[in-house]
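S.K.: Those protein sequences? They're chains A and B, same order as listed.
Each residue of the first sequence is one higher than the one before, counting from 32 in this note's numbering.
Each residue of the second sequence is one higher than the one before, counting from 1055 in this note's numbering.
Please keep in mind that the hints were generated in silico from the structure rather than gathered at the bench.
Each hint should be verified, as a subset may be incorrect.
[What the hints assert, rightly or not] Here are the simulated EDC-like cross-link-like pairs (lysine to aspartate or glutamate), alpha carbons at most 20 Å apart as the crow flies:
| no. | chain 1 | residue 1 | chain 2 | residue 2 |
| --- | --- | --- | --- | --- |
| 1 | A | K212 | B | D1315 |
| 2 | A | K154 | B | E1111 |
| 3 | B | K1112 | A | E150 |
| 4 | A | K260 | B | E1174 |
| 5 | A | K371 | B | E1270 |
| 6 | A | K371 | B | E1073 |
| 7 | A | K212 | B | E1311 |
| 8 | B | K1142 | A | E150 |
| 9 | A | K371 | B | E1504 |
| 10 | B | K1199 | A | E446 |
| 11 | A | K371 | B | D1211 |
| 12 | B | K1112 | A | D148 |
| 13 | A | K212 | B | E1308 |
| 14 | A | K112 | B | E1083 |
| 15 | A | K112 | B | E1111 |
| 16 | A | K115 | B | D1169 |
| 17 | A | K154 | B | E1143 |
| 18 | B | K1232 | A | D167 |
| 19 | A | K260 | B | E1270 |
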Amino acid sequence: MPEISAVLEKVIRIFEKSGVEYGDVRFDSSTSTGISKNVAEENFASGSIQGYHIRVLRDSEWRAISLSEVEERTVLSSAKKLTKFSPTLKEKSSYSKLKPWTFKKRYKCRKDPAGVDLEEKIKLVRELYERLKGFDERIVNAGARYADDIVEYFMNTEGSELHYRAPVIRVVLVSFAKLGKNVQVDHVAHGGFGLGYEFIDRLDTEEDCRAASKGAVELLNADRAPSGKLPVVLDAEMAGLIAHESFGHGLEADQVLRNRSFLSDMLGKKVASNLVTIVDNSSYESAYGSYPFDDEGVRSRKNTLVERGILKNFLHSRETASSFNIASTGNGRAESFSHKIFVRMSNTYFEKREWKLEEMLEDIDYGVYLIKGSHGMEDPLGGGLQISSVKGCLIEHGKLTKLLRSISLSGNVLELLRNVDAVGGDFKLDSGTCGKGFEDFVRVTSGGPSLRVKEAIVGGG
Amino acid sequence: MVARLLNRIEASLKRMKIENYEVYMQIPEVTELYMRRGERELTNEVREVGYSVRVLEKGLGMACCNQTDDNSVKRCVTQARNMARQSKEEKLVFPTQKPTPKVDIKDQRMWNEPDSVIDEFQEKLVEVAAKIGVELPFAKIRAFKIRSMIVNSEGLDRKKEETLFFTEICYKSSREGKLSEFWTTRYARRIEDVSFASIEKWAELSKDNLNAKSHETERLEVILSPQVICDLFVPVMNGHCTGLSLKQAISRFEEGETVADETLSIIDDGLHPFGNQSSPFDDEGNPQSRTVLIDHGVFKNRVYDQYYGLEYGKESTGNGLRQGMVSFLVDEKFKAVPRNQTSNLEIEPGKKSLEELISEVERGLLVYKFSWANPDEATGIFASEMRNASLIEKGELVYPVKGGLVAGDIFSLMRNVTGISNQPEIVSGETAFSCIAPWLRFKDVQVAGE
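Only chain B is shown next, with the shape it has when bound in the complex (with noise of 0.2 Å):
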């Protein structure tokens, strides 16, 4: 029926001699599961069929559209070249078929069993919350198997089959009328990437801000989680590190510039064994790879896709892709148009462990989650709330902490790391998709509380 069906559409580009095309199709079967106070509440499937066309005629122009019949293949072909028609004139010429590197990016088990795969999870929150002692008053669960597919007038012909796991969470505790709670979300493409210990972790860190104080308002050394890292970096990197960026000229890094200390580097990591937007190649049909964007503090390359390959005559390095910053998409890439972006940000692990890392704090805070980290893309401002922390004295976690604000940029941040953990995480945040990231540590970042 698929094959059928991106025959029809070519057919009908054909048909309406359309020379220079791209179509992008997804298959995803969705099954999601809603949990509420720990039962049962919604099952629900999705089923759809999505594609893209994007028609290069003078400008480029693009349609979509989740119907399958004639007529709906037919105004979403027309739609595509009339807005290709009174676009500017583009140099786009669409990417051609180049070996691609192998990358693991399917869980077989969540492809051939999601349903089980999902009440395994299932049972395994409640009985996480049963043992540590607490409630779980929501939980969604959510399993993506996805084909897709890309084919263009230059003779690109892609197929991908990939999995996606989506949990989001809440713990909850209660004493004496207190009442506390760690609420997270992940997405994985393995199930086990979404570990037992890291759950019991999550319900152990909803019992904390029981005994939560607030903090006052001070400059101090910071540590930050993985998933924190995940949404204050990410999207400051994607604002600087593209060829986007740079023709937006809002890029602030230079080639060859020191732009962090030199302990800390970070690459885009396109090829990770089971990245969240890892993949053979990228939305556009080209090959992704491992692109190194900062070497120890020092910035060194840009990720481009097709379009901004060509205009500053580089290669793509795989990094056009159909992902909204803030609003993820999964099974609804078809719906965008895809755009210059970095991947699955890496940042290389440092030597000690959290622990360590800990041990050498006079005073600071460990800040395991904020409410919403959302950083300015261009300015790399943020000022975020603590929702669960911890205060750091004389080298030990003392009491939890909840409430305040961390506030800085970005860029201050990458200069004042002080130290890295050993062990890195694949994680994603909530207003990034996926990274690759250890713990960090970093001084003098200003705390505003009581």
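The following block holds chain A by itself, in its conformation from the complex (with noise of 0.2 Å):
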């Protein structure tokens, strides 16, 4: 779309002729495709989604258009309008520059999801379905669900021209069992960013639905686990909460500028065991929450939050680089064309090492193990805990026996990582969406390998 690159062109123009300390313009697209099928209904939908976002910085002070009307006189007015508002504050504002660089590409694929026939990926759905369903006679309904998008970003800033055009894809299948009064629910879920269709043939979509309808049925007989301070041992997926909701979410160094984060005095020293290593990674290949460069036009990297127990950096937009006197890590996102930009995780996990789980387990007399991340919440201010798994198994005399339903972890998370005692050799990466509090959802993934807490507060619904 060469003409939206000259629309942008022109945006910045008009800013640099105004003499606004800083202004950029970003335009996304977003065309889907959406298709589920449960025991109830069908559903099939698409979307073509596109808008600009405008936005200008004066004295300390943000104003921002979100548009999504696309035609180029209306554009220009808007940024020509934004261009005349008087700030509130009158405080000189900082803003780092960004070195000029140039970004284009198409990610490129084996099969292109928007060339792939809507009969392929209908029939795809409703076998998975049909897997899920004629797993046990105890599954009263299921749900396969799979999603495509082809996002297409442009930005320019300062001289930058960056575009991508990916596909992104998400697979997601619940089962749920019944029996009697007593239902239950399992799930997996996969996702993967710049990746083609051939993303669906990589997958082991028998043992998926197997999974997810085993886990619900088997989750029939689950006790309801134990309450109080316990030994535990968390999957890959708990880990990964840990990383994403109850540490990420406090270094987000907008947290840390509203004088919101626990961990705003704790640069350089130890918040964690030494066994713990965490990165946020939004260059990770193919990983569902990746991308080439964010939301101000920032390539995406591999930063190191914590380094063998000892936290080494904050995430960072450009604005709250600017504020630190220090580069952006390329944290900066938004949701979509008409949402602001946040600092915002991408890929979150602990690096493993090489405990098996059998030898987390053999220490253990009584506890709990967590399987399966069901959802989180950040505490930015107050570090605390609650995450909550799918399921869980007792640990008795260092073995896995009884199957218990979610587990819910409470606490603080600091004292949490210090009671990090053993990582495991193991890895995996789930994958979801993110808010920033309640709202605000992007791309992310979660995930490391399984570790072992000496003591923690869990508590069973």
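Two chains, two frames, a set of hints: combine them into the complex.
M.R.: Structure representation (structure tokens):
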């Protein structure tokens, strides 16, 4: 779309002539297909959503306009309108310059999802549904969902010309088992960035469907988890929730600038056991949370957050980096053209070490093993923990004994990280979306290896 | 411009000889202010025109778009038709035009002067921070003015104008190195439903955790705030009280069955004045209504959209809504497929004040806010960390509590209600969009702590 680049260029010229301190413009477009099937209905939907986000900075205050109207005249008049605003503050802004660079990439894939017949995608979803539902007669409902999205980004700031086009694919499988009044749910999900439809061919969907449905059926006979302070082992997905929800949100430098992070004064200090290294890597090959550049035009990269227990870095947008007088870490992200840019994580995980699961379990006399991440919530100021698993197992005398229903962890995340006394040699990333608080959802992954924690507060619903 | 766009979409449908269709259109104007440390950080205006087209041929297909040129319109209609041709056969008939009730959903001042409303609210937040002596690390304030239209091939022609206000606020206190905050969100149709008194209370609550203690593991009586009730009850009622949940065979409720304590009555009230989900008609164009779900503990009725109404031989109750359960849709409803959902969940108030409910507790907890209640919609299971709570002993609030989990399942809670306050509030939660709820007290609740 050369005409988009030309409009972006004209907007930047308007900003240059007007003398605003800083201005940038991005255009994003999403062309999506979503197909889902459950016992009650099939839903087939497609979407074509695009728009401009134009913003200027003057005296430490931002003004922005988000527009779905892509007619050049409207975009340029909006840009002109923005240059005329009078800020309420009169503080001089500090906004770091970005060395101009150019990036143009169409992610190559063997089977571009846009070129795959709708019929083939529908067939896939129907087959997945049948596999899920047909596993056992106690599976009363199942949901198979396929979604692809061709995202296209244009960005212009201070001479940088940036553009990419990439497919994003996600498959979610859910099974509901029922026995009397007892309903249980399990799921499997996969997502990838920059991959074509061949992503689907690489999945073992037969095993995934079996795992989701078997998981739900087994949970019908699961016990409620014990409550109290116990030794715990976390699988890779649960470890990821700790890295992302409980710890990572406190490292977002906008929370530090808000005076709202429990990690504000911890740079260079010990925040975890020596076994713990945590990274956020937006350049992770094909991971669901990856991108080539962030929404402020900064190239993606791997950022080490904690290295052998020592806090090394916060995550930054260009704005927060300016306040710290350092370079952005490339974590300025927005949900879409109509949303504000915040500091956000990408692919956040613990680095693996060498322990095997059996070795982690053998020293525990009575504890719980938390399996598969369900959800979590951040507490940037307090460092409090709330993460929940889909299921778990009781650990007795070094062995996994009984299957348990959903288990939640509470307490303080720094206490938990300091109590990590074993880090596994396994590794997995779990894909999903993350909100800043309760909105502004962006693609992320989180994960790592299994972790053992000497003790933590657990409770079962 | 809007009427012309609607005409062009319908013309495109007719050119393709599509006989059964629905067009849903939204024209939102959103003004938002972000604040950091009590100062203005960013003002953003969002201007969008979005529409979705549902086509019924053999099956049902939907496509959405926010571009208004002829090519985009044609592509959207073509995609909806292609989807419909490959979807499984459906017996759906789009709704016809019927009389709709009158319901208040528009704050005239917010409609006329969104900038002033936002500026005044911003000043109010700063004023409260100064008065109570707390910090305001960040806040979001957003005013929505939305025009929506639905037309379909059955002659249905609906239009409405509505307002919605959103705020996310964080008040923070510090003393001798200790930090404490109260962080919350609220949606309201009217600015006056986010009262000065409630903002002051939130600021006060931010001080509480400076003295908060952790709690031990025990079973005890718990009183939950309207916002917590909204977050716990709405998703689970939605998961078990709709025609969809019946079809999916996951509903735990059967009509006539006792499912809750006899003091508990729950209504789906799509017409509650200024309720967040109130509207004369739902997102398919059917009139919204008031449906008793649970009457004195007995499950009475389900709510239906057009599809499940036809499936079960019932009238639609006006519960075909384009709403997300975690990610709320306000100005981007056109992107969502209408789904059979509850609207405003109303819990009938009791006769006692909150103070009386507290005074009757020998030992218990009063929870203002969890970190995120987020119960499982199907199983009703939850285990949520207390972010702002208080210990009750011998009928008195003793000290603030933070941390530790309240765990259980909603179905057990419903049977263990021991008290309902007499002051319901229109609230939104974090996982649920709309509830009219009082404070509720429950016996024998598991708390996991030290």
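S.K.: Check whether the Cα positions of A:K371 and B:E1073 lie no farther apart than 20 Å.
M.R.: Since the Cα atoms of A:K371 and B:E1073 sit roughly 41 Å apart, the hinted pair is violated (cutoff 20 Å).
S.K.: Take the C-alpha atoms of A:K212 and B:D1315, compute the straight-line distance between them, and say whether it is at most 20 Å.
M.R.: 18 Å, holds
S.K.: For a C-alpha distance cap of 20 Å, please report whether B:K1112 and A:D148 respect it.
M.R.: It holds: about 19 Å lies between the C-alpha atoms, which stays within 20 Å.
S.K.: For the pair supplied as a hint, A:K371 and B:D1211, confirm whether the alpha-carbon distance does not exceed 20 Å.
M.R.: 35 Å, violated
S.K.: For a C-alpha distance cap of 20 Å, please report whether B:K1199 and A:E446 respect it.
M.R.: The hint is violated at about 46 Å.
S.K.: Just to be careful, I want the Cα atoms of A:K154 and B:E1111 compared with a cutoff of 20 Å; is the pair within it?
M.R.: Since the Cα atoms of A:K154 and B:E1111 sit roughly 19 Å apart, the hinted pair holds (cutoff 20 Å).
S.K.: Quick one, are A:K115 and B:D1169 close enough, alpha carbons at most 20 Å?
M.R.: Holds: A:K115 and B:D1169 sit about 17 Å apart, inside 20 Å.
S.K.: Decide if the proposed pair is consistent with the structure: B:K1112 and A:E150, CA atoms, cutoff 20 Å inclusive.
M.R.: 15 Å, holds
S.K.: So if I understand the rule, the pair passes when the alpha-carbon distance is 20 Å or less; does A:K212 with B:E1311 pass?
M.R.: Measuring from Cα to Cα gives roughly 13 Å; hence the hint holds.
S.K.: Between A:K112 and B:E1111, does the CA-CA distance stay at or below 20 Å?
M.R.: Roughly 46 Å between the alpha carbons, so the hint for A:K112 and B:E1111 is violated.
S.K.: Given the hinted pair A:K371 and B:E1504, is their Cα-Cα distance within 20 Å?
M.R.: 40 Å, violated
S.K.: Run the distance test for A:K112 versus B:E1083: straight-line Cα separation, threshold 20 Å.
M.R.: Satisfied, since the Cα-Cα distance of roughly 17 Å is no more than 20 Å.
Checked against the numbered hints given earlier, the structure breaks hints 4, 5, 6, 9, 10, 11, 15 and 18 and satisfies all the rest.
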